[in-house]
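**Student:** Build the complex: two chains, separate frames, hints provided.
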Amino acid sequence: MLDRRVLARAYFTHDRLVRHQLDSFNRFIEERLQKVIDEQGIIELDIENTYVILGEVKLDRPKVKEADGTEHLLYPIEARLRNLTYASPIWLKCQVVDEGAPQQEEWVKIGMLPVMVKSKICNLYGVKDTSKFGEDPLDPGGYFIINGSERALVTLEDLAPNKIILEREEKYGEPVEVAKCFSQRSGYRALVVVERNRNNILEVTFPQIPKPIQFVVMMRALGVESDQEIVEMVSEDPEIMKFMLENVEVAEVETQEEAIDYIGRRVAPGQSKEYRIERATQVIDHYFLPHIGTEKEARRAKAFFLARMAEAVFELYLGYRMEDDKDHYANKRLKLAGDLMEEIFRVAFLRLIKDVKYQLERAKVRGRQLRMSTAVRSDVLTDRLMHPMATGNWVGGRTGVSQLIDRHNYMSLLSHLRRVVSPLSRSQPHFEARDLHPTQWGRICPNETPEGPNCGLVKNFAQYAEVSVGVDENEIINVLYSLGVEPIKGR
Amino acid sequence: MTPKRISGIKFEVLSPQEIRRMSVAKIFTPETYSDDGYPIESGLMDPRLGVVDPGLRCRTCGGKAGECPGHFGHIELAAPVIHVGYAKLIARLLNGTCRECGRILLKDERRDKYISQIEKLKELGQNYDEIVKEVFRVTKAVKKCPHCGADQIEVKFEKPTFYYEGDHKLTPKDVRERLEKIPDEDLPAFGIDPKACRPEWFVLTVLPVPPVTVRPSIILETGQRSEDDLTHKLVDIIRINQRFLENKEAGAPQLILEDLWELLQYHVTTYLDNEVSGIPPARHRSGRPLKTLAQRLKGKEGRFRGSLSGKRVNFSARTVISPDPNLSINEVGVPKVIAEELTVPIYVTPNNIEEAREYILRTEHPKANYVIRPDGRRIRVIDANREELAEKLEPGWIVERQLKDGDIVLFNRQPSLHRMSIMAHYVRVLPYKTFRLNPAVCPPYNADFDGDEMNLHVPQSIEAQAEAKILMAVQEHILSPRFGGPIIGGIHDHISGLYLLTRGEKLFSKEEVMELIRPINVEKIPEPKYDGKWTGKQIFSMILPDITLEFKAEICQGCEKCEGENCPHDAYVVIRNGELIKGTIDEKAVGAFKGIIIDEIVRKYGTEEAKKFIDNMTQLAIRAIMFFGFTVGIDDEDIPKEAREQIEEIMNEAEKKVEELIEAYKAGNLEPMPGRSLEETLEMKIMQVLGKARDQAGKIASQYLGMDNAAVIMAVSGARGSMLNLTQMAACIGQQSVRGERIRRGYAYSNRTLPHFKPGDLGARARGFVRSSYKRGLTPVEFFFHAVGGREGLVDTAVRTSQSGYLQRRLINALQDLKVEYDGTVREQTSGIIVQFKYGEDGVDPMKSFRGRGVDVKRIIKEVLAEKEG
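Quick mapping for you: the protein sequence lines, in order, are chains A and B.
Under my numbering, the first residue of the first sequence carries the number 1, and numbering increases by one thereafter.
Under my numbering, the first residue of the second sequence carries the number 1, and numbering increases by one thereafter.
Looking at chain B on its own, in the form it has when it is part of the complex (with noise of 0.2 Å):
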């Protein structure tokens, strides 16, 4: 068979007609099966409809469930009634031609030119909504018919499917004359193609019904058949339309006959959408609603979001997450019991037959767990058949393999937020239940070790295999395309580590260095520089590849004169052909988001240089902090009798500032600024005094606490934490704010926060300030702001995932189509249509970027200028 190619795919109303050709069967019968199990003709279950119990053969087609497709049927409806999905259309039409002569309510002139204007949108490929609804919008206002002049009256709708002119109800047949009489030509002024829809099949005549195959029946466990919602509904259909039948034919009077076909209406409307509003839902016996047509399309797990969108795959595996410093970053540890019954298709050739057949023969980890015969049978490899099957085995058999160590796998933690949320690894098979990842590959998938799970992937073919090594490989990925930089790095106690290491000039003997270096695959060992002991900085350039660098590090404190390689806190880091010579290794050089030097090896050596430097600077750094020790306490937050005074005498006269403030404030004698009411001004004043009063403490807290202490270290070397983190630890908490204001809600109507205070207390205390560290505690009013103020962080989180997964959808539903071609463009995928003549209209690659910019200028003239001296 030759595969076809869609060129289109267009969406028609159905016609009865259309519906009566394409239908196998008329149904009428309410009953679906008969006493002695058997379907009943013309009942729901008519076996010409398709089969879905096994051993049957369908009527129509012969095929045995499974093969055949199903097949329509239709109920011919006793009488006309409104289709629910389009019944808001249908008001617009009955406002929008004549009630006499069906014409669109314009002069022919008007019509053809709005006519053309849709046809010229159309052409374009645009949308044409608008005019088609200004086109409604117009006729509604006519109160005569330019055509045969007959006055106008409004046809009101009434949600979900009743139309009334003035007090007289419009009946389903009413609606469907009406609209019979529309001429084509005067449809597509109305956006409606006259070939592909005739309004009046708007008014269901005929109702199809979907095979049996769309609405399977279940077979309990008590052997009751239980059917489907959707044979449900057609059931109390067809009850209705034949009871409506005997009832017509009968000549019953026309209260009855109009009460029936209301039901009638009722049962079609919740029968196509059970969540209408305006009536109540149909429900099963229990009293839960049923599930009808719209309703298996709908919402998260409707068809198109739960089954075509997104679906279910195997080959997959999730579990809990836990580190594993000794894994490469492009590893990941695969537990045992995993890794057995995940497999890898080993497609069977007259080359790799002996290999494949050594699979099948193993008894232990890596082995054939099914074989697949060309017939596409699948066998499990047990022991009894296992002989067996390695015997037959042929070129042509697919042999379903264990995962083992260097397999590629991809590994996924939600939410996929962005492209690094899934990347390749190789397999490494360990004991115990958990995935192992190296830390250094937390920040791209934002994972952290408090129970987190992931899932894993097994790509089936080699195709796909391929794209996963070249495309999604870790170090594929070590530059991100979010800003420019690199994403992985080193973490926490990598950074802590090289700080220590290469801080100032610290010594080493042969076997510390040789201790440090161990897991670390080193060539060539330089000279030490001083009487036989090697610096921490020649011990970390053992590591680096040939680069040539000059950046600030973290810990530069800014000041006014640079002093470059002269910078007495050692923070003007040089590094000449592979060589540190000056400054200390910390987060700006080496750590996830910010690490120049790993930034720069990617550049000049490609991705797999720079994976083995974050693998070998990741375990020197390990080595070096255990070398060192790394310990934090509560003590280390200490700060002596004269810091404590100097804080609490800065913190009184905040508070006294605080006090004038508001003293000026209620004698008016307070400057308003400008474009701020006088209350605006006294906030921002009082939180400025405030916010200035903190960081002075804090200052003082941070002399007091010197470079040594390890809190310190971590902060300033970019580690974890910050120093506004210890300033709240030893020397004062500061204003607790909720949106970004003092805290002001409370005993509104005596206008102040808390019963502590007087009514009216603007105060620092009042209104949430902390002016105890989280060392010394918190009195019972401050604790209380503090929960405040913690609070609304908390919400803040809560709420800002839930927002973020929103969004994430709404973006990949807008862009999802948008790719950027060889040429640069960035084009609509089916339509061609170009977004973008050049994408970013820079064209640059963010991944490739230099964070951001196309160009680094300034990297360019060294690297000339380099040229030329060398």
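Same shape as in the complex, but just chain A (with noise of 0.2 Å):
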């Protein structure tokens, strides 16, 4: 028999075993923190035809400042010894437009990015030796220095995004079919729920509407208003056509018009016409499936995948299909350090602009010249990256995101940057979350888990597990459209 032990061996000859971290946090830096900056564009001022045009973000290798004002490269253990945090400066490209007089191109310093050890910027990146800089030459590396104590984040197992998820629910001591849909748009997190009621009534739930509406009203506030295009849309499945007629039957709106105004009070009662439509325009726009797209133009497509929902919630309740399997591995997705990074990065960054918008509209109204190394004070962004790293305490109020590593041995220490944990709750039982999914087969490992109350919350990634990441939507929209797919009109 073929001796796989040299496939693990030559498996392990590189730092495999803290791949994921690494890779993770490398993508952080080198794509995403330019999709942050990019999201956000430009910073605008109350100021007519004044903004500033954000740019190239660059990073540097990490980097101390003593007392003295020098600065010299900092090395992990040099920020172990001495209390530091091991970050390097975040250079960001920014230009000034003062009342539509574009101002000299600048580099400015925004704060100090906590950098991984062993990662693309790390000073010990590529050097075979790191005893020479005072390493352990079998330290993975994969974890961060913050205030000299060695932090590594903990992986995040959570269920799947912008995934309609069918579930079967009890209210009033009767089933009711549901499907929901977690989605995220950069950060935000808005849960649209489609179910049938008692009468096989479709409601809509979603963030900021105070009450579930009906879902033909939904539908006509997105733009699909004929009877006969909403019940195309669901299915033609002579069944689910029969009940959605009733759907229809019963809608308390007819037209777009009304349907938005139905909204309208429902979000903003006792107001304006006017406010309430705007206001009901940007909660569909904003709030209801947010990652189909916040535009206008996106209603129509938000309208095909709401019709979808509609679907599946006849068909799980006539029998055409199951449950889904929340506990599927399909069905998880894991948030790792950079995700995690990404998200503390987001919120500190939107923080700095709005510090930089005062800062810059004060300099203004005294008459100052607006330059950006004056207007950023670079420990807003800082503070809000160390304080998340040094409690573990993440936006979004999660605690014990990281976590101060194990380094009882050498074991210990790989065991914990391979960690994944559940945010599900430890006090309630969970059965089925806590059970060795088969899905779990070769991605977890099935036998290390912790007794007690953690037990099958927290797990560990199986010895070859990899993490794949995912693929701009773009590339898979041109592929298909590539492939003679045609687009839904409207998008």
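For the record, the hints were derived by calculation from the structure and aren't laboratory data.
Be a bit skeptical, because a hint or two may be false.
Claimed, not checked - Quick look at which bits of chain B chain A covers, simulated, 3 or more residues with Cβ under 8 Å: (1) 272-279; (2) 791-798.
Said to hold, decoys possible - Partial list, computed: chain B residues near chain A (C-beta under 8 Å): (3) T753; (4) F784; (5) V788; (6) S802.
As the list claims (entries may be wrong) - Which chain A residues face chain B? A few, computed with CB under 8 Å, are given here: (7) Q208; (8) P212; (9) H437; (10) T439; (11) C455.
We treat Cβ as the ideally placed atom computed from N, Cα and C, and that holds for glycine.
**Tutor:** Right under this line is the structure:
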């Protein structure tokens, strides 16, 4: 028989064991960081024709600034010994446009980014013999050094966003079919729910609306007005069409205008009509299925998506398909170090922009020259990055995201860097979620899980597990178009 | 001072007058201390409210810190505010009374009917909540006042403290005015006693300020004062209150006043409860939510659960436990360092003054740590004052002497789920750092030695010590009230040891016998049975008291026709007049939970004798097992090739049968069992076939393993493990299950558990059947399924422990006041309400019952027959 140990040894000759941590962080610094800044694009001021264009972002090597003002490269061991933070300066290219007059482009240091040891911008990257720099040659890296303490970002296991999950729920003693979708767009998460009520009428719930609204009303608000179009968009199955006809029958509005006003009355009761409509359009575009788009043009695509959710609900009701298994690993996504860093960076960066805006406006009022280098207070961003990293209290109230790494022995270190935690509450039983699911084969270790209240919720990667990353949507869309797929009109 | 008896406690609502009456100071200055560090008059630290700083005297009572209990002050609120705690009741009252005339929305006759119903229930001491609830329900529905004819508008209550009448918002002042109008005569219908509380008192106009002793400030190392959360909150209230007053006097616009009013309401609400839903909690500057009144009381660390139901104690110790078979079961080994710290008080009298003096003069182990003078001063005994204290010692002093051998202590392991979780042991001071206990007392504590820790408490009064010795001593708990049998007895090696010793007719020379009974006090040695040699059964008989018993042992095979004394397996135990005549001693005879012999000895000779027997039995057993030698290894599970082939055969056949079942199911030929669907029938049948296959495999394996196999000995004698464990090691592990079903989750979208199988595969292997044995090893797929099944077990234990704790709490809360009186009834302690006329409906003490039954008929018959014969 083939000696498989040969393969195993070959596999582990590289820093495979914490590869996922390093890859994820590298991806963050190489791609996502720029993305977050591009999402923002410009900083608009409350002064006419005055704004800041945000350009390229660049990262330095980890450095330390001494009390006397000198700066030198920082190596991990020095950070550990001197209780420093292993972090790099972030440089951002900015251009202020002052009342239509573009100013000189400048590189501004906007803050310090904690750097993962042995990542691409680490001073140890590519160094063969790290012992020269006082490192343990076997140290895998993959963690951060914050104020001298080594902290790892623990991988978070989450329900897959932007996916329709079908469930059967119990409401008032009756089973109710529900299609849920956690729609996610750059950090914002909106839960959209379509559910069948007792009379087979579909109702839609999403953030910002106080009560569920009828499915047909929502479709009309999205611009699908005629009965026929609504029914056909959902399904061509005669049984489902029958239900849909009932739905159309009881609809409370007939046209898009009425539908939007109807929603307006829900989200802004007692306000003027113009305000109601404005608020309703805003809610529809920004809080309803934001992952498809937040522009008006995306509405038709949203209608198709919503119709698919409706179809799924009826299919489950009619027994054409089964409930989705929430614990199936296909329905899970992992948030690794890079994704987590992106979350705090986005929030910190928005905060910085707010501050810069304030500073620039103040400078303008005082008649000073608008310069980014004076407007940026780099501590604003740095503090908001360091604080979550140092305490583990992430944005959104999650705790224990960054943890002091377990150095009891070499294996406990490796195990810690490969840990995956589920955000489910420890106090409730959640029997199903704690089970070892067959789809975890090859991905999650079947044996390593703590005993006690965290059993089955805290997991570890399987030995040969590799983490794949998402692909840019547009790439796939282009491939599909080139294969002859027709786009949804209006997109 | 003569002690006073509290006959009852009544809760009432403080009226504004009452608050002012008990107040010693009106507080209206938001500052606490002046610049020179003295408390400001009429500030929150007003010296009239009591003292916390040492050296100062209270301006009200003249007491020093520690003596002065503190005194209430009060704040006159500029405008009434709702008390959150009563917000819901206010809402109900508003809806239950007329908005014009304030009368209850019921005709007088109906009102009186409800009132008399409530009175009657009150008299019976029963709960009348239901009726009150009904009154609120009925009155809420009334649209027109039956008294003045005014139309009623429903008052909508919005959490936490807002009331709306249609779109119009009711101010607390409006609310108070309405509540004032409710006449006293109507209140009893709402379950309110008008003498105890008027509903308008639910709207605060005066706020009591708790004494400083309730909210002491702490001085940080930096010398800075840090105020209590309550003080912070009160400062907020006063500040807003003063601002409100000023604005009102200055004639500020209504809008501003309303804003301030709402802010005042917010502060008062969060002062009372900072976790009300609907409003953000008040926070400290650091962002930490403040701990206000309700938070002090609520929850596990709150006043009730944390300070009254349970508290921290002195004279206790905790450390890791380890076994010591040389201790008696009612002893505990206490590390010397702990014994030197824990003390027992000696109340000095003319009779023991010399003994006490000796302890003071001693310089090592059992010496005195402290002496307490009659004036309550505690003096540590050190070299410098030893002589002097010994000299001064007089009756009336208390000497705290170190723990020594023979002292009685309480020993406890959490979770304390039954009364055997705390038992009294006698101290044996030993070297090293762990508590030592006899392994035979592990079962009642549910302890093992994998790092468990236990607590030890030293009873301080003579009464407590006597009670511990008489009621709580280990031997008093050999019989468990859980099931009316022994809970202390032989475990693990004790059982294997006696099994080896007593099985068959093993012979021992004199030297060997002496070696075995060396640690045991045996007074009379019987005549050797064969030619100067004793049998194992004879040796065991030496420690037996005079009892007569007959029973089937654990190893009983359950033959169709029991041969009784002539059992071919030596599984029928016969003990006559304290002599083991036939049968093998195993778990059924001496084990914890089962031990029939122990049971008999306790009942016939009492607990002391039983304790001696258990001590001797465990000593003998350990000697015996060491004499024979006992070991288990991996090769104990080896089975010969032909056995393996047979098992293989069985497995193949079973898998084939499963295939056939599936075929039949698919072809629609499967007959559903009554009350089951076709799928369920198939699953059950498959489980049955596979279960049977494993049993067969196990049987074959055990045939080949034979009765001399150490693992088999442990399994059949009940020492540890089961035949199922052995089957899994030697033959076949069997079906893995999750929640009682075969494993079915997995790649549900293609209807299979793993991609290793074809979609829709229902076969044995695809659904978690493990045909390999632990010895031979599992295939990767089997290994994975085994992990799936194993995970369920882990989760189960984790969830169960947390749930059992909660269940325990609820049970205790429900039953804590019940007591069995001397007349045999079960009554509620305070009210004397009878819960059961006879305890357990049969009056049987479960500890003294015969495995739960009150009378053991067979035993009585046997006893009577024996009397007749003898």
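**Student:** Min Cβ distance, Q208(A) to chain B: is it shorter than 8 Å?
**Tutor:** This hint is violated: Q208(A) lies away from chain B, its Cβ roughly 19 Å from the closest one there, beyond 8 Å.
**Student:** Double-check H437(A) for me: the hint is only fine if its C-beta lies closer than 8 Å to a C-beta in chain B.
**Tutor:** 6 Å, holds
**Student:** For the hint on S802(B), does the least C-beta distance to chain A fall short of 8 Å?
**Tutor:** 7 Å, holds
**Student:** Using 8 Å as the Cβ threshold, decide whether V788(B) counts as touching chain A.
**Tutor:** 5 Å, holds
**Student:** Report holds or violated for the interface hint on P212(A), using the least CB-CB distance to chain B and a cut-off of 8 Å.
**Tutor:** This interface hint is violated because 21 Å lies over the 8 Å limit.
**Student:** Hold the hint about T753(B) up to the distance rule: shortest CB distance to chain A must be less than 8 Å.
**Tutor:** This interface hint holds because 5 Å falls under the 8 Å limit.
**Student:** Three or more residues of the region 272-279 of chain B near chain A by CB distance under 8 Å?
**Tutor:** violated (count 0)
**Student:** Quick check on T439(A) please, does its C-beta sit within 8 Å of some C-beta on chain B?
**Tutor:** 6 Å, holds
**Student:** When I compare C-beta atoms, does the region 791-798 of chain B have three or more residues closer than 8 Å to chain A?
**Tutor:** holds (count 6)
**Student:** Return the status of the interface hint for C455(A): holds when the least beta-carbon distance to chain B is below 8 Å, violated otherwise.
**Tutor:** 5 Å, holds
**Student:** Does F784(B) meet its interface restraint, that is, does its C-beta lie within less than 8 Å of any C-beta in chain A?
**Tutor:** Where the cut-off is 8 Å and the nearest Cβ of chain A is about 6 Å from F784(B), the hint holds.
The structure fails hints 1, 7, 8 (numbered hints given earlier, in ascending order).
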